[in-house]
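S.K.: Given the structure of chain A, go ahead and fit chain B onto it with the hints provided.
Number of protein chains: 2
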Amino acid sequence: MSSPLRPDPLRLGIAGLGTVGIGVVKIVQKHADLLARRTGRPVAITAICARDRRKNRDADLSGYRWEDDAMAIATADDVDVFVELVGGDSGIAKDSIEAALKSGKDVVTANKALLAVHGQALAELAESLGRTLRFEAAVAGGIPVIKTMTESLAGNEIRRVMGVMNGTCNYILTRMESAGLPYEAVFEEARQLGYLEADPTLDVGGIDAGHKLAILSAIAFGTQVNFDAVEIEGIERVSIDDIRRAADMGYRIKLLGVAQMTPRGLEQRMSPCLVPADSPLGQLMGGTNMVVVEGDSVGQIVLRGAGAGEGPTASAVLSDIVEIARGVRLPVFGQPAGTLKAAQPARTAVPAAYYMRLDLQDKPGALAKVATVLGDAGISIDRMRQYGQHSPESVPVLVVTHKTTPEAIDFAIEALPRTGVLVSAPVELRIEEV
Amino acid sequence: MSSPLRPDPLRLGIAGLGTVGIGVVKIVQKHADLLARRTGRPVAITAICARDRRKNRDADLSGYRWEDDAMAIATADDVDVFVELVGGDSGIAKDSIEAALKSGKDVVTANKALLAVHGQALAELAESLGRTLRFEAAVAGGIPVIKTMTESLAGNEIRRVMGVMNGTCNYILTRMESAGLPYEAVFEEARQLGYLEADPTLDVGGIDAGHKLAILSAIAFGTQVNFDAVEIEGIERVSIDDIRRAADMGYRIKLLGVAQMTPRGLEQRMSPCLVPADSPLGQLMGGTNMVVVEGDSVGQIVLRGAGAGEGPTASAVLSDIVEIARGVRLPVFGQPAGTLKAAQPARTAVPAAYYMRLDLQDKPGALAKVATVLGDAGISIDRMRQYGQHSPESVPVLVVTHKTTPEAIDFAIEALPRTGVLVSAPVELRIEEV
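So the protein lines, in turn, are chains A and B. 316 is the number that full-length UniProt numbering gives to position 316 of the first sequence; each next residue is one higher, with no gaps. 23 is the number that full-length UniProt numbering gives to position 23 of the second sequence; each next residue is one higher, with no gaps.
Each hint should be verified, as a subset may be incorrect.
Pairs count within a copy or across copies, as identical chains cannot be separated in the list.
[Claimed, not checked] For lysine to aspartate or glutamate, the following EDC-like pairs were computed, each having C-alpha atoms within a straight-line distance of at most 16 Å: (1) 26 - 310; (2) 102 - 77; (3) 30 - 296; (4) 26 - 296; (5) 30 - 157; (6) 403 - 382.
In case anyone wonders, no lab produced these hints; they're calculated from the structure.
Next comes chain A alone, as it looks inside the complex (with noise of 0.2 Å):
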């Protein structure tokens, strides 16, 4: 460790040239002592590829060869890691990974929609060829996540993992909230201001932040990453009217994702909850991300930070290549691969308490019948609000539940329309415990 500089460099081949890859490139061209001086060596870049050859990049490439494919890159002699940063749950992406592995080269990526369908195949692999396969990246951007469940809380059971993990649905929720606009209204801002990935439902639709999900839990509870066993749903129904009604009861809605293993199996599921406004997760506003841990021992751990956006990003893509530089080889998700369970996937069962919010007609008698549904659900009312008229027929009621199943609630849900006097569809959402 005291020891003098290595004279040889970690050599690296970057795939892909997009927001990350130009950050790493830049990093590694800025603090190449800094890089030195922490790792022991210096860290150099060997070859590089991208789609485009002639776009232009805000980076000076001419001191690495150019390959014109990631294959090339992933096999190359003079290339000791990998640098995926080419995206896709599959094609090249996966390709090029398995290629460098089998060529005896370590893998540093970003993939989280990669490692969330096929991650437990690559950390197979990967360790069977005794490679490391690092994704820091992956999860939360810059916030150091996967290091900290791997390695700082290894000494802890954990309970429960949650986050807020989409930072362009925390704006679009925020912004509704602070604007007063509508969904609609905002997602097309987003959409203007480039938040949006091509796909917008992998963000909207909660899908980008179930995949970052998926590897927490498999890290979490040291099983195989089940991305199909997320319950997901994304904020296209939140409205703004729930926005406004759940800040009256002091709570904030967010996209919220929660792991844990019950006695039933593992339950994981990414969904818009209500938490509270003053609490951490409902104090996080716009792009920046937040990570929850509870640890038998350790208790609540927060991380907060930047979840996107190439310094972040590529900080923590330097992380992992830092690692790998100083010689620490670490099972993929923390154990290895071979050791990992495939868990029972669970239906969310943990009772909670639900927020509800029922459009009723202006009739005398509308809510004993709503208040009969919920008690023959086995429901019990924390707080009840009845607003002034909405519209002429029509009146807004909204119920705050003591800790109750879910399944009580789809009773209560599927039940309540049948009173005949509701005047739109019952909204439910629940209120996570933080």
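M.R.: The following block gives chain B in isolation, referenced to the frame of chain A:
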């Protein structure tokens, strides 16, 4: 990594069986399988010692060899890792750690005072012997700030590190505000609740938090740890008046540590500051700790969690033990000790807004005299509030300045009494930009 379990256990020798020591024993016992799976080998305790053998402790210690003193454990043949939980910035803690390193053992400690005072020498010793010295538990309990700074942010030039790192002080300040009680009353409460160190000035005097800041500075800026250069001011002079007035202006008072590298040298200070009440630091209540790290690429990362207590602190000790069990060997302060520079200490000079409370005589021209002094000092006023009479002859006036230099504030604080219109000494507190 996918290879079967190593048969030979990592053997721990634990010196000190207070809250943290017993917490470590409990985790090693409770999570034997978890630790083996995550590290690839069993983790076992072979020898222990504490001041009083007969003391009743809430853990089964029958399986471990009892040694008479830390030195015996530090030099025992059947110990791989010496876990120092005795405490103290010299004496047996220091001697036993040196002995352990010299007899070829790695060392894990939670001893912030020792590292703040002798960190450089111990790091040089450890690295010259090819051993490692880890101390995640020394700063902010269960919050993984050491690993985050030495590893996760290794691709960043750190701009500033700050934090609330003494839970007792934050409890006292929070309780003063919530209960409207004066400092002395809450201090007495804290003493009766057992929240205070044997020597309470370590807590309320800011020394314990100062130790932690000095350690973080060394990692952040690649400098030799220099506790003597930390400007320290405790919370003893924080009055309930100032807490109330600050709240009126939208601020909270925190014992805040701030370290940043400036062209003039390294600023390190631990002192009561105002922060916006709605900022993550401002929201921090009770015994919770928070560390904020700002890097040139990652931006601002906020880490929050329990700063003390059996479980959280033991969790941090385990993260170091797991790291060693996995065969990871990193430089003590994130880069070889020989490359750490002796930083030029600099008195705080970074401009900031300041809060001032002045009790003026209730007579014409008093405010004008004050305004003139501030003007002469080159201080421009952002907000000023005059309150109704406190007592027949005094009128409290609050001033929030625009950004100004500490020198200008010192000039004003010295000149104001000479106006002859102050009833009591002026109070000034820095408003840290967070």
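S.K.: In ascending order, which of the hints set out earlier in this document are inconsistent with the structure?
M.R.: none
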